[in-house]
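> The listed protein sequences derive, respectively, from chains A and B.
To get our numbering, take the position in the first sequence, counting from 1, and add 267.
To get our numbering, take the position in the second sequence, counting from 1, and add 1258.
Hints were generated in silico from the structure; no laboratory data involved.
Note that beta-carbon positions come from the ideal geometry of N, C-alpha and C, so glycine has one too.
There's no promise every hint is true.
Chain B is nowhere near these chain A residues, computed Cβ spacing over 10 Å in every case [said to hold, decoys possible]:
1) ALA333
2) SER353
3) ALA360
4) THR437
5) THR456
6) LEU483
7) PRO585
8) GLU630
Here are the simulated lysine to aspartate or glutamate pairs, DMTMM-like style, with alpha carbons at most 20 Å apart [claimed, not checked]:
9) B:LYS1407 / B:ASP1426
10) A:LYS447 / B:ASP1494
11) A:LYS455 / B:GLU1273
12) A:LYS455 / B:ASP1306
13) A:LYS455 / B:GLU1301
14) A:LYS455 / A:ASP435
Over the 10 Å line for every Cβ pair with chain A, so calculated as not near, a few chain B residues [to be verified]:
15) PRO1337
16) ASP1411
17) ASP1414
18) GLY1465
19) LEU1486
20) GLU1498
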Amino acid sequence: MKLMEGSEAIAEASIAAGCRFFAGYPMTPFTELLEHFAKRLPEEHGVCINAESELEAVGMAWGALATGARAATGSTGQGLSLMQESFSEITLAELPLVIFNMARGQQDYFQSTRGGGHGDYRHIVLAPMDIGEAVELTQLAFHLADKWRTPVLVYGDYLLAHVQEAVDITPVAFPDLPPKEWALDGTKTGTGASRIVSPLGFDKAGRPSEGIENHLRAIVEKQERIAAEEVRVESGFTDDAETVIVAFGPPGKFVKYVVQQLRAEGEKIGYVRPITLWPFPTDAVAEASEDTARVGVFEICAGQMIDDVRLSVLGRAPVTFIGGISTDGSGFGVGPLLDVELIRERILALHHDEPMPALPHNERQF
Amino acid sequence: MTSVEMRQVGHKLPELLLTQEHHMCPGCGEPLALRGYLEAISELGLSDRTIGVAGIGCYTSFSMSMDIDLVQALHGRAPSVATGVKRMRPDSIVFTIQGDGDMVNEGLQEVLHTAARGENVTCILLNNGVFGETGGHMTATSVIGQRTKNSLDGRDAAYHGYPILIGDLIAQLQGAAYVARGSVHNAGAVARTKRMFKRAFQAQERGEGFTFVEVLTMCPTGWFIPTLDGPEYMNDTLGEVHIMGELKVDGVVRSTEELHEENVRKAAEMEHALARGGIDDHHD
């Protein structure tokens, strides 16, 4: 075990998973992840490029992926906004991109799960609650990206990026994957069997081409298979719970802790923590809401995942938002709402049908 | 148009072409440029290690017809994609193909940064001064006075701004090793442009840094002129602003005036050679 900052642990887990290419552009709170890749990848005979913009960073990763390398990029949600066009097209090109979002709070749920880009695409989103889980899920991200030939986004935040935990970067063993016969090395050029990596559904002249319509349908069918097979979720105390709280990421860990405390005090409260945000654990949330009186959703934003919770609960119980926008003075970091006592008050207010306490205000503003 | 005897400058189909069919309009200059770089690659013996990256424009259909391992990139983004390819496959020869709308409008910073970084890739620009695929709209390289569908009375500097001479701009960057601007308006220019492709690929092979070949290509459809007038119109309009020649060789940047003088001299030599009955393919 080694005491490690989240950014360092995620970079090390990526390298353990075989990532040899990273390109990024500095932005708080993502910057330290770029710093660690910049320091470590050359030592591993890899490449980290300090891209001149987010648009260029994702393009560089795209090129590296096309050669069969394990490659990643990342930013905060603001920077990822600039990359959305490429995420959509990389999904259609079926390239295994890993994306890290060291987000400013949880305001990027829609961006991550709905996609800010054009088209019908979805990609996998993994949301670790702490650094230990991030080490596992980062490695899983590279595996799932290759397994499904699709982008996988790891959703972190300021806390995950900057807090230190004692972790082991133990390489996770995954089932073998088929060789990347689609990857380009130039050796097929001039042989009549040259390859094309394209989002457009075209093959080389003279070969049967599926065409764009069939290609788009095939991508959607693949997404349906991913949705059926790759859901990951943690639930606790939901069997007899009168109140179920849904939360993800580091705030999900806070909620889990508070619910465990309240259970110890005899309150019939349970929790559901989605680990995959897409595919969303619809069945687990539906099941938890089956015999419960109310469902609460705690997010550090104005309420985005609550849409998916409502689509899962489908009216079996009232769904109430108990989170809110909360940030430090800079807008980048952790706000006062991420606090065990305040979360406890809000869960209990919901549980006892009492008025929700006002959101705390950050007293230090720039 | 100068009255010269038409001569065949190539003798066979390019080895790196899967099909002769294409969807270009009659009089399009892009297939001529395509032939030039495909022949350059195979004649240099680089076929078994070349990877292409294509942008989005009329030439995107070449992605399917070229017998080249290829990544299809987004509009404007090919130089960054090529960067990722080359960094992971440093022994490959990596080139991009983009139009002026793709490179100089949408993705200007991409090509400039890639050049400045001295990425060891070759970027090819097919410059016809117009968005051909959308049907003839003004680009950042359209010349003053050029009529397009969204500059109906001609490009007006006061209203639309000035064209970017992208080759000249790139030549100024330290990371750029070789920068040239060719054309396909006549047989001599086609042959000269092919030599530029070869020099660019050879410089990449030697690891000298970023290499760039811009090619002026006819687009009679997008210019709203008779097909057969394409070459002469291009030479008289785009060719008078985007001057053909080698803009940077061995780190030495050459001015527009120098290139002008050189072109006048070469034209005279060409007339002389044609009168003599042949073009010396090794002469430049």
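> All hints are to be evaluated individually against the structure, with a verdict given for each.
Each hint, compared with the structure:
1. ALA333: violated (4 Å)
2. SER353: violated (6 Å)
3. ALA360: violated (7 Å)
4. THR437: holds (27 Å)
5. THR456: Non-interface label on THR456 (chain A) violated, nearest chain B Cβ at 5 Å vs cutoff 10 Å.
6. LEU483: Non-interface label stands for LEU483 (chain A): nearest chain B Cβ at 15 Å, farther than 10 Å.
7. PRO585: Per Cβ check, PRO585 (chain A) is outside 10 Å of chain B; nearest 44 Å; holds.
8. GLU630: Non-interface label on GLU630 (chain A) holds, nearest chain B Cβ at 41 Å vs cutoff 10 Å.
9. B:LYS1407 / B:ASP1426: The given pair, whose Cα atoms are some 27 Å apart, is violated under the 20 Å limit.
10. A:LYS447 / B:ASP1494: violated (50 Å)
11. A:LYS455 / B:GLU1273: holds (13 Å)
12. A:LYS455 / B:ASP1306: holds (6 Å)
13. A:LYS455 / B:GLU1301: At roughly 17 Å apart (the allowed maximum being 20 Å), GLU1301 (chain B) and LYS455 (chain A) satisfy the hint.
14. A:LYS455 / A:ASP435: Violated. LYS455 (chain A) to ASP435 (chain A) sits at ~41 Å, over the 20 Å cutoff.
15. PRO1337: violated (8 Å)
16. ASP1411: holds (33 Å)
17. ASP1414: With a cut-off of 10 Å, ASP1414 (chain B) remains clear of chain A, as the shortest Cβ separation is near 31 Å.
18. GLY1465: At roughly 16 Å from the nearest Cβ of chain A, GLY1465 (chain B) sits farther out than 10 Å, so the non-interface label holds.
19. LEU1486: It holds; LEU1486 (chain B) is separated from chain A by about 28 Å at its closest Cβ, greater than 10 Å.
20. GLU1498: holds (33 Å)
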